[in-house]
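J.: Note that the protein sequences, when read in sequence, are chains A and B.
Using our numbering, you'd call the opening residue of the first sequence number 77 and step up by one each time.
Using our numbering, you'd call the opening residue of the second sequence number 3 and step up by one each time.
These are computed hints drawn from the structure, not numbers from a lab.
Hints are not guaranteed to be accurate.
[What the hints assert, rightly or not] With a straight-line Cα cutoff of 25 Å, these simulated BS3-like cross-link-like pairs (lysine-lysine) come out: (1) K12(B) with K25(B); (2) K217(B) with K159(B); (3) K217(B) with K239(A); (4) K239(B) with K12(B); (5) K239(A) with K300(A); (6) K300(A) with K159(B).
Next come the chains, spelled out residue by residue.
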Amino acid sequence: MSHRTGASKAFLALVRRDLLLAFRRRSEMMQPLLFLLVVVSLFPLGVGPSPDLLGSIAPGVIWIAALLATVLSLDTLFRSDFEDGTLEQFAISGHPVTVIALAKIMVHWLVAGLPIVLLSPLLALWMNLPMDALDVLVITLLLGTPVLSLVGSIGGALTVSLKRGGQLLSLLVFPLYVPLLIIAANAVSAAVAGLPYSGQLGLMGAGLIAALTLAPFATAAALKLSLE
Amino acid sequence: MNRFMLFIHKTGSPPWFYNFSGKLLPWTWGVFLVLLVAGLYLGLVKAPPDYLQGESARIMYIHVPSAYMSMMIYALMAVMGVIGLVWHVRMAEIMMISSAPIGAIFTAIALATGSLWGRPTWGTYWVWDARLTSELVLLFLYLGVIGLYAAYDEPRKAARAAALLALVGVVNLPIIHYSVTWWNTLHQPPSLTSEGSAIHPSMLVPLLIMVVAWKFFYISNLLVRTRLRLIEQDQRKRWVHHILSGADR
């Protein structure tokens, strides 16, 4: 068996295993999503239920809540595999660690990122986002949540061997999310105001490709470091 | 072995570095003090007040050099991080992590002086302007590197993790800068570019003196911090005992 087919087989096997594990631990998977719903529902209570005000801050609020929910789920991305030694076995299996990192990131997006996209119409309804901007919100989340998983996985890999890595993780990752937050929230706001937003979406697509090609290598380097 | 690797391995030897930096330090501190006194005298006493901003423009002699240093030190940290990660040079790792607090302080000084200058000039201490925002994000990046280093027990592993984070930050920094610039701009455009200067020589000379003075402050402070960290990490090694027992007598 050549090494190339071995790597793609390992990738698929790892994706299947992690998806299965995620569905066996459904309540753990639900927690970041419930957190997302709770955070968004706090905003009308905090700033007042005025529909105009809620509509104008909706793009930023929904995106910030998506950021917070992602960071909450990042801490568990590598932790259980690190603690029971599975990660070590992956690393010495001969397959590139980058492939292993990419598989784990993909499952993280399927389990933590995609549900945010699916929940976003409900959030838009709560925050009184104009309905003609809903499709743009969904597109920005579709393009942006994979970037959250990819960039966040670097932070997750760097803090996996630390006992209390969770709080540190947010400090490491949030500054890196700044460009994404700015551009995504701006695209949705532009759509609300009836302005063109294709430029912002193009930038987000470029960001996704850049993160997809660069982040797995950094994550793999960080994982190797944590396993030392 | 080529000359570059020879240089790295020679400076990479802790006892050699300790002795060499000890000889260098009085000179770097001396040059810093001379430049500081000259720059402050020319800037605060001799230079004319700005015809638009008045006396408050003199904050620039502290603010601009600090802002330069905040970015230069982060870039240097990335360079030292690469040397540490690729060639496993321990001195580069130690100097990388010793640079982080200095860079963070310069960033904080640039933010604080900028906001003090903003009050009389813009009428407010803080605006979410592009440069202020990217400088604030830079401060968070510095604090992240320091926090990650502090969280690890083993110093070499800690330094390599921090170096990796600094590298990720350096890739992200231009993206952050451009996204924030595109988002909101109020700050004046740079007055000092490679094309030339928009500042009169009576103000430019003290500014440049202060820029060089800050570089010497960074070098001196970095050497002191690196020496202390070396002694702390190598406290059970023979060369440290040798130096410390010699210094006591």
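J.: With reference to the structure, classify each hint as holding or not holding.
T.: Each hint, compared with the structure:
1. K12(B) with K25(B): 16 Å, holds
2. K217(B) with K159(B): This hinted pair is violated, its Cα atoms lying about 29 Å apart.
3. K217(B) with K239(A): 38 Å, violated
4. K239(B) with K12(B): This hinted pair holds, its Cα atoms lying about 18 Å apart.
5. K239(A) with K300(A): 17 Å, holds
6. K300(A) with K159(B): Holds, because 11 Å separates the two Cα atoms, which is no more than 25 Å.
Checked against the numbered hints given earlier, the structure breaks hints 2 and 3 and satisfies all the rest.
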